[in-house]
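Note that the protein sequences, when read in sequence, are chains A and B. All the letters of the first sequence, read from the start, carry residue numbers 1 to 449 under this note's numbering. All the letters of the second sequence, read from the start, carry residue numbers 1 to 785 under this note's numbering.
Check the hints yourself; a few may be wrong.
Said to hold, decoys possible - Result set (DSS-like, lysine-lysine): computed pairs, CA atoms no more than 30 angstroms apart in a straight line:
no., chain 1, residue 1, chain 2, residue 2
1, A, Lys209, B, Lys650
2, B, Lys329, A, Lys319
3, B, Lys469, A, Lys319
Unchecked claim - Here are the in silico distance ranges between beta carbons for each label pair:
no., chain 1, residue 1, chain 2, residue 2, range
4, A, Asp190, B, Pro191, 48 to 56 angstroms
5, B, Gly620, A, Pro251, 30 to 38 angstroms
6, A, Glu262, B, Leu624, 56 to 64 angstroms
7, A, Asp190, B, Glu77, 41 to 49 angstroms
Don't read these hints as lab results, they were simulated from the structure. For every residue, glycine included, the Cβ atom is placed at its ideal position computed from N, Cα and C.
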Amino acid sequence: MNPHLTRRSLLRSASCGFGYLAFSALCQERAIANSANLSAKLARFPARAKRVIFLCMSGGPAQLDTFDYKPQTGNKKHPGSVFHFSQHGESGLWISELMPETAKHADKLCLLNGMHADTGNHAQSFHQLHTGDRLRKRPSLGAWISYGLGTENQNLPGFVSLNTAKPQVYSSAFLPTVYSGTPLGINGEDMSKATIPNIAGDHLPDSLKRRQLDLVQAMNREHASLRAEDEALESVIASMELGFRMQTEAPGLLDTSTEPAEVLARYRVGHSVSEGTCKPSDFGRQCLLARRFIEAGVRFVEVNHGSWDQHQNHRRDLKANCEATDAPIAALLEDLDQRGLLEDTLVVWGGEFGRPGLTPEDGKDETGHNANGFTFWLAGGGVKGGHVHGKTDETGARAVEGKVHFRDLHATILHLMGLEPNELTYRYEGRAHRLTGPEGGQVVREILA
Amino acid sequence: MSFSNYLMLTACGIAGFVPASLVADDKEKEKAALAFFETKIRPALVKHCYECHSEDSKKLGGKLRLDTKEMTLKGGESGPALVAGKPEESLLIHALKWEDNLEMPPDEPLSPAVIADFEKWIATGAAGPRTGPPVPVAPPVETKTTHWSFQPVENPPVPAVKNAAWPKSDVDRFLLAEIEKNGLKPTGDAPAETLVLRLSFDLTGLAPSYDRVQSFLADHRERGDDAVAALVDELLASPHFGERWGRHWLDVARYGESNGNDGLGRNPTYPHAWRYRDYVIAACNEDRPFDVFVREQIAGDLMAAADDVQRDRQLVATGFLALGAKPAKAMNENFEMDVVDDQIAVVGSGILGLSVACARCHDHKHDPIPTRDYYALAGIFKSTETMWGMAAYEGLTAPSTDLHVLKTAPKWSPPAGFVETVVPIQSDTGKPKPIPKSKWPEGTPLAMGARDRPAPEDARLNLKGESTKLGDRVPRGFLSACVMPGEKVVEKKSDSGRLELAEWITRSDHPLTARVYVNRLWQHLFGEGLVATPDDFGIYGAKPTHPELLDFLATRFVKVHGWSTKALIRELVLTRAYRLDSAADPELTEADPDNRLLTRHLRRRLDAEAIRDRLLTATGELDLTPPDGSVIRHRDIMVQLAGNLHEPSKHRSVYLCYLRNSPPAELAPFDLPDALAVMGKREASASPAQSLFFLNSPFVVEQSRLLARKLITPGRSDEAIATDAIRRIFARDALDGEIARTVSLVRDADAQLADRQPDAKLRREWAWATACQALLATNEFRYVD
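Construct the entire structure; sequences and hints are all you get.
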């Protein structure tokens, strides 16, 4: 198959109003053809999850005081947990006192306690968590998934990133721009005011807006037909259409005032915690919006809270970070469960790395970064609940069993979404690229339900 | 001799072996200390450390040896392993405690008891008889690399080509030789209609008028290449050239008119930053030689000035060093070094094309930039006082600094009747506090910038980038890896060394400066640089597609054109290569998919500024005179407390207010840089946000209305209006069917709006506004072939 002709014809078909699903099916076919040099074998999996909510905890959440219980052993005090832990649910998962609400959903959680990453540098590890690469601009996880699967709702983007950071973390990079994340609320702006700029305009009746766009697109197609080799122009035609369609659904989705007071209270919408490194993020509103976007058919929603980088005042700031996120996460899990969405929605919690533990009673309250061992958790979408995979050593300093690298996490998420992790590729600058990088990722099969 | 002096001298290679007894004056104590070492420390070292950190190690870890005293004190990649008497400052202890990503031994930490022994040992002077041969100290500045960009610029011969008729210049011969080597032929020339648009946007950022296009086409029919040269000269001489190319430099200079979020949500304005913007625009228009331009920005305050006008200009230029984004001062021990880091980053990535900043915490992992070089530069900037101004009177964000007072700039006054309503907030109570009185009389012309501190001094290595963990002192100097003759140290110790740095950077034999700059120029004209990563010429950066051509251009730029930006641009746009069509046969596109051989021209989306300027040009609303100052020149306030500070403007986009974290809404959807770091190459994305901007933004809706109002004149037919609209918007005549299509939309709109607007005249205006908006929203309007 000729990659260039195929890509053009694909984009053309997308811009002419073909559904994303058809589009994505073709994409995968093409991508797989292009990736023949990377893998000769082709496996297909049934999808266990249809959508993803990524609870991104930037700064390096302290796993030893949240989900990776490290009690003292032996006579000498050593680094470990300094908050109280107890067992929860039928599974008896150990969860810290800082996460009382999330702990009520212990049986839904699948803890990955053996995470490890390449670097303790925030920016690079954060970039790697999102794109698989530490340094170069690469498509974000959400963009890859949109590329692979499209969106279930053609009036909305496939990937939305709430309270987000730099564009590099939600970028589609070399993938067509329709797969790029749509940011909503940037740099910690007040989430209640976060909106998609220019999402509505009352200068024309809706029917006339469509008629107007028809002229734009007719001229665009003519323009593009005279420049037949240009993929970018085709991509713009598609994104023009998506922008137009977003007008019909996005404003309603963003308006949370229609939610019952009980729901708003449970998610703690409007309740922000601000203490030390813990920045106000209205995390409750983010979680609620995530549920609403997922319900409306968005494929991948990222919500953000930070910073968990409490170098000093570890106890105080960690407490604040947990308080800011615990109840909203619990509310989200509860709602997804009750609405039957958890079955095929994968919830992912974690940050760019973890932190070393404090030693009880030594008077110190400072922590650093630890990329050698930390925790993620998954819930819903085809993973075991009430399950622990992987472990760190006695001090929690490094993963010793069930080690999972970011590329393995990525591979597992793609697998759960029914995509072949190491086969989902895109040809760019003369070679096939994939989320899992040159090394490829290993699906963590032990956690599949 | 104190112990720390001893350490320093050892590192400098002056002192030989000094007995350990100097640290313990009491024989008994020394004996006890030695006994402690032999019973507690040496066994632990042998058992846990020597496998990787001794003479017998198969592979020495981190270049650190712990089996001799000297080697231990000298340390490895991370610096000295211990500071006798100060366990808390000793890397060895941090490593044993598994702190700060230093984790030794790597498999599992030693027991707290053993670590306590080590702390005690170091606290009592780190005695121990471990001796070995005296260690030669490596010369402080010798970093060898074979990486291409550090090697001297060559002046390669122009290659021969088969098709001698095609090239118009030597640049073309370099390109064609590669194309022919690959068995290809370049695509055809772009039509003259395309060329005039391309040149206008590339050189001035403005669309040509329909009439200008027509006059060029007539001239081109008559004079051919001479007409092109005449157009190029006209555009280069236009005052709008500097507005276009100045903005390119402002991207490099991470120009912003506020600090940006300091990490605690506070974002103070920079009311005087615009003077630097105007300086850059003027410098581009005056075609200040690039070497002078760079020297002024790094050390203008230290350069001689013939008069006060020049003095003022050079002071404003140093704003380059002051207008970076800073993290909050509060609780930040590294604040001062964060400011320095920003300066090193902008000089490094912006001028040298190297991410020197990585070396703040460790020897650069990939590029030949040792941490030592970083602190050699840091000493220069630490000896410099950075003048950012009041920072909205919030010391927790940044302490207030002095500013340069200009002698020749006119006094100014805030808008009549203006009273500041955004006041500072007391950080402890959250209550408003009065605005402190300025130390200057109202209207004093001020500028951000830099000047030398009274007592310049060398910086000390910051271990792991922490300014509280200090290592050796590093003499102020420059990058050791650049292959060029001469010492790379600051000679005049009584100065910061900025002027010497600026002179070193702009030496005609500097391997990086000219290469990096000509590559930037190339990229803005051809869409991709010869080096695709304009801010990174290091090992992680892209390799040049045409290394000989790059060197040829760098040599010509310096030796022939005397660092003249306009002369090099002129040379480049008059090449055959620049004139190529962006369309090409599919076979050619297949053979050169990424256009690395430059077999065609790249179609490009206009950048944010050009899109807005083109909108205002099409509607005839653009005010081409530069405004005076900035909308925030009289406001030293927190942006986040102020709501929207932007005001409607019809001036060119470059004059809008570039607040960090609060960009102008009319530019924000189009990949505006965040101004937090050097941005040599902007994204040119297409996003739904851009679609929505054209479909709904009040700005586009308003401009469409204004255009409709201008188009409709008494008695004018719909067809005549459509003809005019297309000429104004696209600077060309309508293609087949376009007029009919446009008029058809207008008629449909008129019918659909009947119930909303009974007045036929107003309704016609509205319907035409709808059509104009559609034309403005097309791809043709924002993509240039």
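We went through each hint and held it up to the structure:
1. Between A:Lys209 and B:Lys650 the CA atoms are separated by roughly 27 angstroms; this keeps the pair inside 30 angstroms, and the hint holds.
2. Restraint check for B:Lys329 and A:Lys319: satisfied, since their Cα atoms lie roughly 24 angstroms apart, inside the 30 angstroms limit.
3. Of the pairs offered as hints, the one joining B:Lys469 and A:Lys319 holds, with about 29 angstroms between alpha carbons and a cut-off of 30 angstroms not exceeded.
4. Checking the proposed 48 to 56 angstroms range against A:Asp190 and B:Pro191 shows it holds: the Cβ atoms sit about 51 angstroms from each other.
5. In this structure the hint that B:Gly620 and A:Pro251 lie 30 to 38 angstroms apart at CB holds, the actual value being about 33 angstroms.
6. A hinted range of 56 to 64 angstroms for the beta carbons of A:Glu262 and B:Leu624 is consistent with their spacing of about 59 angstroms.
7. Range check, A:Asp190 to B:Glu77: about 45 angstroms between beta-carbon atoms, so the 41 to 49 angstroms window is met.
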